[in-house]
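**Q** For this one, chain H is given, so just place chain U on it according to the hints.
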Amino acid sequence: MAVRALIARLLVVGLLAALVAVTASGVTGGARFGGSHARSHTSGTILFGNISTINNPAVNASDIVNATKAWISYINSHGGVHGQKITLMVCDDQGNPALSIQCANNLIQAGVVGFVGGWSIVFGANALPVVEQAQAAILGGHPSTNQEYSSPVEFPVTAGSAGSYPALALAMRAQGVKTLAGVWFNTPASVPNSDAVANLWPIVGGTKYTPIYYTPTSPDLTPVAANAVATGATGIFMALTNTVAPRMLQALKSAGYSGVVGMTGLAAPPSVLVAAGSNLNGAFLSFPGLPVGHGTPQMRLFQKVMGGAHVPADAFSEVGAAGAQYMWAVLKSIKGAVTRQSVLAAARKKTTWPGFLTHSMNPKFAPPGYSSLRNPFGVIVQYIGSGRMKKVKISGFKAYTSVENGTTFVSGFPVGG
Amino acid sequence: MTRDFVFLLLGLGLGGAYAIMTLGVVSVYRASGVPNFAQGAVAMFSAFVFFNLRRDIGTAGAFVFTISFGALLGALFYLLVMRQLRNSPLMAQIAATIALLMLLHGSALVVFPLASTAPTSILPHNVVHISQYGIPLDRFLVAAIALGAAIALEFVARRTRFGLASRAIAENEKGVILVGQSPIRLAGANWAISCALAALAGILLSPIAGLDQDALTLLIVPIFAAALLARFTSYPFAVLAGFGLGMVQALLQLYSAPGPWYTSLWQGPGRADAFPALVVFATMLLSGNVIPQRDTVLRGRLPSSLEPRNIRLGLPLLLVAGIVMSLELPLNWVAALTTSITATIVCASLVLLTGIAGQISLTQLGFAGLGGFVAARVDVAGVPFVPGIILAAIAGAALGFVVGLPSLRARGPRLAIMTLAISLALYDFVFTNGELMGANSFLRFGGYPRIGSWSFDQRSFGIFCLVVLAAVLLLISLIRRSRFGLAALLLRESERTAIIAGINVTKQKVVVFVISATIAAVGGALIAHAQLVFSYDSYAAIQSLLLFVIAYIAGIGMASGAVIAGLAATGGIFSNLLSLANITRYQELMAGGLLLVALQLHPDGMATLPETFRSAIRKRKGARTKEVPLTV
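Which chain is which? The protein sequence lines are H and U, in order. Going by the working numbering, the first sequence opens with residue 1, and the numbers climb by one from there. Going by the working numbering, the second sequence opens with residue 1001, and the numbers climb by one from there.
Pulled out of the complex, with its shape left as it was, chain H reads as follows:
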């Protein structure tokens, strides 16, 4: 008993000592973290932050982050911005609200002049107020909450959630779908996106639209899929993440569905396409920009940079690359010192942008209620199996389409309001 008590005390003392050591090293580490702010400016480095959800079973945005890193390396190898290199500080919030806020506070304290292109499932609902307080611009990225579309500091260059689903619905309507079911995450943030589709559907000649809400962590998605099938819909599109997609596709197959399926390209990276096998054949996918493999100079450059960094060229990396390219354009437009204020001011000025793989960005494209969504366009492709896709022809909906660089982009909102 005495030995056990002694061991206990030694362990406790050891733990306390370790705690003190970690605390001490952390505080000094914190000083270094803060200190990098001062050094970054004297050494001519421009610090940018990225908050993304990476270590989380439901979402893994690591390819957006890796693409952003690769693109920043490319920018730096081409002289950076006014002779200054860009440094990216990435913080993984793990889908945890408290950690997302912590990431924002730490990055702002570290002296980032802005944020670039991430995807987090908790950022908009939790950390956005911290970034707004600090008046730091968020350039690019894939917004997933309504708040991000009306934030005065957020400048997405791709359609995000708000643009992707109406565009997908329109594309499915163009394929002759009249009765549609939308399968949404069970979060209040899904409601405005679903409402946008509900408003669109009768205008474009659809007869019935049924929203179905589900919890992605539900142990069995088969009843969800069966419910969508039971609506009698001839087309079903689904709000999915890349980690939920394999289960939902399996559930849809189990429910015996054989109609038209739609989902976003972010839910269908190559790993999902492989895992889904023939379950996904014929499905419509909404991409933020040009389908991968399309032979344009921009696409060749994109594939070269991604290939060099061993990042898959897919919808994720398109979001990362487009965001970083826009950041580059914003920074280049700054005359004088690159500071948090000057970045935000430049982003507010540079509200138009020709796009990179994506449709151009222009305030006239922003749908009502989505002031920061200046590019609600996507490209719809159809998966034809074995990792191959073909572009989908959208005819008869001129008010919702725009042709740029030979590619037809689709919006779920009338072009130009």
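These aren't lab readings, by the way, just hints derived from the structure by calculation. Nothing here was measured: the structure is a model prediction, and the numbers come from that model. All residues carry an ideal CB built from backbone N, CA and C; glycine is no exception. Accuracy of the hints is not assured; some may be wrong.
[Said to hold, decoys possible] Selected chain U positions facing chain H (Cβ under 8 Å, derived; list incomplete):
(1) Leu1010
(2) Ile1208
(3) Ser1256
(4) Ala1335
(5) Ser1535
(6) Thr1584
**A** Frame of chain H; chain U shown alone:
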């Protein structure tokens, strides 16, 4: 009608998996009297083992290995942890199973890939058509396996010496020893069976639920709901209850769109997920003695709740240190400090309720969430800061009263299960309710609050939270020293003794719940104000479990334990250190592991270390020391 029937059948697979896991929970409860909160986590971890091995050694080999792994895990957990705690209070035993849950979940996050996959079932899964609806065949087979397992367990329980002895332990442990049976061997074997069943459920359910770290881990509420309906004793009823829950959940999926107000209990988004929590709550309300209590006399020693010694020195010191830090630290550390301060307030509510009054609560974060929700809702409506906080406190008190009422009938493990269910129900019915939350999944504040013409900023609001914390700690200390606090301690030790001592147990319990919930709600309101937003995903049930674990390690019986727990809260000071060292993903693993170590070596928690060392020094000096009451 056909459609409803088909949806009921669709739930057979999930119901079958619930049933298999419930059989394991019942098996352990019958033999050792502990509800195993880690049953879903064992299933999750085993599923990872199976599907990773299957590629290399084939299905049959992987199956045998995984079931053996589950059994070994159960036996080892019993022998290394639960056996040492068999004479400890149920609070410690429950904490140990929660620690196992955190340990397995945290380990899986680190060891296995994070992407969710849908592995191929080992059972035939071709689609059977009924009318125009399809049902995969494996759903029927999973249900059949559950039924088979129940029949086998019931046969063993009734017809074999092992089964009879396992049942007898629950009634008379000493009698079992007298007839030559070892309660340790019996309990160990039952833990092995239980975890083997969890492993089986993991293998069968993962193709349906997906293979990831979260999918199965949090199935504890439906499993406990089924176990409650089976009175934690009956294998046949466990299976029927599991089937029933799975089938009704599948049926409710048909009604996921919002309906008229009078259908809001069962119709609307999230109702299918919330159904098991409702079953738990209803069962608790309708049946007062659902789980047969193994002992009415307290076993073992509860965590120390020492009388506060240095409150006059400690509180001013805390205030001065906190104010200096709030003024001097960089803003990211001020944010972390404020998170720690507000989390300490919530932990202090747990100290009062669980540490001092002995009422196990896994819903403190639910109380806090309600406080945050009300504060944000009234702020949006233009109500000033202080009245908003008061309204949040009133809402917390009201919910505390509602939760406190069933606590008159539910004790120990039942109370833990019920409070966890309430946590989930709050999440599904309030925090994710679009009608209450508006068009977003969160409610934003316009900025830091104002009192009259005085407007807070980040630093001054941190200091304000610190002052509130000091007041809360003072309140807890005064309660601990008061007659009310002594009555609460007596209640914690033995309700019957408390009644004999003339304490009105009913009033005592409800009042403790109300005070605790009020404190937690105020803490939640401050958290929301400090973060400038109320966001529902901050109040998920897994976070409540983590809070309980951290509070237990820190010292759940002591106000100073709340301070240590607050420092370790997610987003707080310690978490920020982990973040800067880039090891945040190990926090859960560390919390679970530390709790298991702490339960074995120093169950009183870190807050009692100074007293432990003082006591040791006094003994070494041979001085005549004053007896320090350790449990009261």
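**Q** Run every hint past the structure and note whether it holds.
**A** Consistency of the hints with the structure:
no., hint, in the structure
1, Leu1010, "holds (5 Å)"
2, Ile1208, "holds (5 Å)"
3, Ser1256, "holds (5 Å)"
4, Ala1335, "holds (4 Å)"
5, Ser1535, "holds (4 Å)"
6, Thr1584, "holds (6 Å)"
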